[in-house]
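J.: Sequences and hints are given; from them, build the entire structure.
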Amino acid sequence: MSSFEFDGSPVPFAEGQTVGAALWAHGIRSWRTTRFAGSPRGLFCGIGVCFDCLVEIEGRPDRRACLEPAAENLDVRTQIGAGRADHQV
Amino acid sequence: MPTTRCDVAVVGAGPAGAAAAVTAARSGARVVLVDAEARPGGQYWRHGPGGGQPAEHVHQWRELNRRLEQALASGRLVHLSRSRVWRVDAAPAGPVRAQIVRSVRGGEEAATVEAGALVLAPGAHDRVLPFPGWDLPGVVTAGAAQALLKEHGVLAGSRAVVAGTGPFLLPVATALAEAGTRVVEVDEAGDGRGWARGWRAAAGSPRKIADGARYGALLARHRVPVHLRNAVVAAHGDDRLESVTVARLDDRWRPLPGTTREVTCDVAAVSYGFVARLELALHLGCATTPGPDGAPAVEVDAVGRTSVPGVLAAGEVTGIGGADLALVQGALAGTAAAAVAAGREPAPPHPAVAARRERMASFAAAMHRAHPVADGWTGWLTDDTVACRCEEVRVADVREAVTELGATDPRTVKLLTRAGMGWCQGRICGPAIAAITADATGRALDPYADLLGSAARPVAIPVPLGIVAVADATPSPPPVPDSGGSS
Amino acid sequence: MESSPDVAVVGAGVVGAAVALAAARRGLSVVVLDRGPVAGGTTGAGEGNLLVSDKEPGPELDLALLSLRLWAEVSDHVVSATGGGFEFEPKGGLVVSADTAALPALHDLAARQRATGVDAIEVRATDLRTHEPHLAPDLAGGVLYPQDSQVQPMLAAARMLQAARRLGARIRTREAVTGFLRSGDRVVGVRTASGDVAAGAVVNAAGTWSGEVAALAGIELPILPRRGVILVTQPLPPMIRHKVYAAEYVADVASDDAGLESSAVVEGTRAGTVLVGASRERVGFRREMPLPVVRRLAAQAVRLFPVLADVSLLRSYAGFRPYCPDHLPVVGADPRAPGLLHACGHEGAGVGLATGTGHLLAQVLAGVEPDLDLRPFRPERFAEVTV
Numbered sequence: 001m002s003s004f005e006f007d008g009s010p011v012p013f014a015e016g017q018t019v020g021a022a023l024w025a026h027g028i029r030s031w032r033t034t035r036f037a038g039s040p041r042g043l044f045c046g047i048g049v050c051f052d053c054l055v056e057i058e059g060r061p062d063r064r065a066c067l068e069p070a071a072e073n074l075d076v077r078t079q080i081g082a083g084r085a086d087h088q089v
Numbered sequence: 001m002p003t004t005r006c007d008v009a010v011v012g013a014g015p016a017g018a019a020a021a022v023t024a025a026r027s028g029a030r031v032v033l034v035d036a037e038a039r040p041g042g043q044y045w046r047h048g049p050g051g052g053q054p055a056e057h058v059h060q061w062r063e064l065n066r067r068l069e070q071a072l073a074s075g076r077l078v079h080l081s082r083s084r085v086w087r088v089d090a091a092p093a094g095p096v097r098a099q100i101v102r103s104v105r106g107g108e109e110a111a112t113v114e115a116g117a118l119v120l121a122p123g124a125h126d127r128v129l130p131f132p133g134w135d136l137p138g139v140v141t142a143g144a145a146q147a148l149l150k151e152h153g154v155l156a157g158s159r160a161v162v163a164g165t166g167p168f169l170l171p172v173a174t175a176l177a178e179a180g181t182r183v184v185e186v187d188e189a190g191d192g193r194g195w196a197r198g199w200r201a202a203a204g205s206p207r208k209i210a211d212g213a214r215y216g217a218l219l220a221r222h223r224v225p226v227h228l229r230n231a232v233v234a235a236h237g238d239d240r241l242e243s244v245t246v247a248r249l250d251d252r253w254r255p256l257p258g259t260t261r262e263v264t265c266d267v268a269a270v271s272y273g274f275v276a277r278l279e280l281a282l283h284l285g286c287a288t289t290p291g292p293d294g295a296p297a298v299e300v301d302a303v304g305r306t307s308v309p310g311v312l313a314a315g316e317v318t319g320i321g322g323a324d325l326a327l328v329q330g331a332l333a334g335t336a337a338a339a340v341a342a343g344r345e346p347a348p349p350h351p352a353v354a355a356r357r358e359r360m361a362s363f364a365a366a367m368h369r370a371h372p373v374a375d376g377w378t379g380w381l382t383d384d385t386v387a388c389r390c391e392e393v394r395v396a397d398v399r400e401a402v403t404e405l406g407a408t409d410p411r412t413v414k415l416l417t418r419a420g421m422g423w424c425q426g427r428i429c430g431p432a433i434a435a436i437t438a439d440a441t442g443r444a445l446d447p448y449a450d451l452l453g454s455a456a457r458p459v460a461i462p463v464p465l466g467i468v469a470v471a472d473a474t475p476s477p478p479p480v481p482d483s484g485g486s487s
Numbered sequence: 001m002e003s004s005p006d007v008a009v010v011g012a013g014v015v016g017a018a019v020a021l022a023a024a025r026r027g028l029s030v031v032v033l034d035r036g037p038v039a040g041g042t043t044g045a046g047e048g049n050l051l052v053s054d055k056e057p058g059p060e061l062d063l064a065l066l067s068l069r070l071w072a073e074v075s076d077h078v079v080s081a082t083g084g085g086f087e088f089e090p091k092g093g094l095v096v097s098a099d100t101a102a103l104p105a106l107h108d109l110a111a112r113q114r115a116t117g118v119d120a121i122e123v124r125a126t127d128l129r130t131h132e133p134h135l136a137p138d139l140a141g142g143v144l145y146p147q148d149s150q151v152q153p154m155l156a157a158a159r160m161l162q163a164a165r166r167l168g169a170r171i172r173t174r175e176a177v178t179g180f181l182r183s184g185d186r187v188v189g190v191r192t193a194s195g196d197v198a199a200g201a202v203v204n205a206a207g208t209w210s211g212e213v214a215a216l217a218g219i220e221l222p223i224l225p226r227r228g229v230i231l232v233t234q235p236l237p238p239m240i241r242h243k244v245y246a247a248e249y250v251a252d253v254a255s256d257d258a259g260l261e262s263s264a265v266v267e268g269t270r271a272g273t274v275l276v277g278a279s280r281e282r283v284g285f286r287r288e289m290p291l292p293v294v295r296r297l298a299a300q301a302v303r304l305f306p307v308l309a310d311v312s313l314l315r316s317y318a319g320f321r322p323y324c325p326d327h328l329p330v331v332g333a334d335p336r337a338p339g340l341l342h343a344c345g346h347e348g349a350g351v352g353l354a355t356g357t358g359h360l361l362a363q364v365l366a367g368v369e370p371d372l373d374l375r376p377f378r379p380e381r382f383a384e385v386t387v
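Chains as they are written, first to last, in this note's numbering: chain A, 1 to 89; chain B, 1 to 487; chain C, 1 to 387.
Hints should not be assumed to be uniformly reliable.
Derived Cβ-Cβ restraints for the label pairs, each shown as a range [stated by the list, open to error]: (1) D75/A with P137/C: 47 to 55 angstroms; (2) A98/C with N73/A: 14 to 22 angstroms; (3) E15/A with D446/B: 45 to 53 angstroms; (4) R287/C with M1/B: 54 to 62 angstroms; (5) D75/A with V283/C: 44 to 52 angstroms; (6) T100/C with R105/B: 37 to 45 angstroms; (7) R443/B with E73/C: 49 to 57 angstroms; (8) I121/C with D86/A: 26 to 34 angstroms; (9) A302/B with V283/C: 47 to 55 angstroms.
Covered stretches of chain B, as calculated for chain C (at least 3 residues, CB under 8 angstroms) [as the list claims (entries may be wrong)]: (10) 419-426; (11) 449-459; (12) 462-471.
None of these hints come from the bench; they were simulated from the model. Ideal placement from N, C-alpha and C gives every residue a C-beta, glycine not left out.
T.: Structure representation (structure tokens):
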């Protein structure tokens, strides 16, 4: 089975699955913390409307896990707050 | 930036949009079908894991998909997959121009579609009413549970509570149960008399009755109890859902004291009906009218024309009505759009088709009357309940905007609290903020005016500034037809 | 029957709120009337700029400097009176130029502003990115204005009204003023759909619609709308420290051209979004946001901050900046209609000039000599010009 990396650990996925579906199937329920309270968030609407499932993929923050196709060796990371910590001044 | 010129542009490839695209192409129009997903079908027909056929009403889908493939093969239809319209402009007596952001590997690219006529079929998404803890991972919309299962073969959880109101709860609960999730219970906030009325109205819709009977039998087989006048009023857990509190409701949906139960579960799938995606229609200036659920809907004539010349609409955006109605509306709008693009007056619908559409519309209206959202639900909110998930605005903040800062309408609440100003632009919290505002103001919610005020979104979906900054280019020939797949 | 108030303020935007609060703090009884909700008109589509940097030395800059001092004081008062603030932030402004040829004019303006008490520090091209790390690397230079500040304008209006209410003011929203009560020449109150409101004086603070309100009293006030479009991005971590704008903005503010002008004005907010302004068009009360305007604002923002190319636009809004032919506001008593005072015509600077305007009008209402000479702002000046 193919897999991608989530915070450094492999997550298997089936052909056609999104990153969010694969994470969920692997028992992972959250991959983002909110900007103010730091609360965990994962899938909510599942169809690209709510933007709760934002995640960093290949260094790009704000990707919707429910829409992004999973791909071999993709680097997926938990998004902390608004992400882009390297851009903070 | 590539510009594609065509006769008819269709936004959305669900039942309404797909039907519009094939009928417009069959009428001789060059058609571009723009859709966010990799494959057509919308939220209704979801493809199985690995690209398999949708399971729901598969014969309908096979027929429509065959016609889509024919149109694609003929070259009259181009499918722009993984593409979203972030803005559309209609010049008086000019073409309609849709600005598109397309997902490609590693980023996005800009595209423009210029059309003689536009069919808006953007569909709808779940309406969820907030409750304490609804932001815990594991609380999902019923649509999310359905998408996980149907599209990806993934169970949303091992123990599920399905809650909310409306006919959508049953297929979600049965699908989960059939796939192996232990569905602990279905909590329908309505009173069941609504169900009886709704199914009676389905007398002219034998397939609806067959569906209802099938869901009932399946739930019975899996021993899934359906509790009427019950609702999930709180969710609990540290960093994921561990249990929910269910309460009985009175006839106005106020939770009854002393009736709460704790139910252990790892997923709660919630839906209180649907919210139509109105932003493109509102930006174009299309006239609206209260839909069957009282919420704003795009006003259309017998063939789907809106008040804006060259712009047609079909499906949920014209009033939440379900897939069968959307298919009929889409076919009518596709034929009419081809005529409009050719500068002809569209022919009126065949009387039999018009009658079928009327029958389905009255069924939809009956189902909505059977499942009204009563306004007492705000009684299960606490001050600390998150009202706006994106901006983490609490119910207390919304109430303070009313009681202390003088807001009396949802727009002012938004300006003062940031509720609805985040990533989703109020798509999720909009109906709830309107209801909490009305409640705090001491007046009844006006489902039309209160929701319309927060439904306008001049930027229809988030789009990178670098894409916005790209100027329109001169039109180029249509691209090679793209049948989808992850690009 | 309640006794008639000393002052009826028409307009519950930021200017009306500042007038109401300043008058209430002087012990006057106040009623505020608005045909819409709190901060629902001109204020609701503003950015919340408190700027000294974009003003030539003269009466408007004097009013801006007074207002800036008062904003800090009003913010403290509102926080202690209501427990809530309005995101007052003395973040500073940075005016930049991409064109070396434009620098002398920029530096000359800064020198003249310094002479009137503005803090203005020249910044060399090589130092720009120590102030704003994400600025484009090829800019020619700029001027830093530490006094430039920001508030959340809707909250500012709502919180000032809340504080005024604590002092007894009454706020009546969704009550349109349809006419004035007269006693001879004198204005002695207003008429609304729900009845007459007698008042010792009436203040016209109706923003872009102040000309229409004045007309109800038979007074001509040439206040016209200029449309401004603002883009709002997704939430970000703090990436832009100052209000950063291109030097061309100053020229646009003072322009008489009816066509589209735009120059990038880019700033972060406490909520994490970045605001991108500022277009100015004279197109009457038309609210649409033409695609070319949106594209141009986006392009100008990305020109200043290339990092924004990958940042999502979430929403945009259009509003009307109420301007007068001479680009000065109208502040003071109107001799053509005794009892009527104006606080309007602030163009795009209404938020920034609100506290000073409120303070000066409250002084007039209380019979105190105002701290600034109001003659440049006198309402009847346009009639004099045309004669």
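J.: Compare the structure with each hint and give your call.
T.: Verification of the supplied hints:
no., hint, result
1, D75/A with P137/C: 47 to 55 angstroms, "violated (28 angstroms)"
2, A98/C with N73/A: 14 to 22 angstroms, "violated (42 angstroms)"
3, E15/A with D446/B: 45 to 53 angstroms, "holds (48 angstroms)"
4, R287/C with M1/B: 54 to 62 angstroms, "violated (27 angstroms)"
5, D75/A with V283/C: 44 to 52 angstroms, "holds (48 angstroms)"
6, T100/C with R105/B: 37 to 45 angstroms, "holds (41 angstroms)"
7, R443/B with E73/C: 49 to 57 angstroms, "violated (37 angstroms)"
8, I121/C with D86/A: 26 to 34 angstroms, "holds (29 angstroms)"
9, A302/B with V283/C: 47 to 55 angstroms, "violated (37 angstroms)"
10, 419-426, "holds (count 4)"
11, 449-459, "holds (count 3)"
12, 462-471, "holds (count 9)"
In this structure, the hints that do not hold are numbers 1, 2, 4, 7, 9, in rising order.
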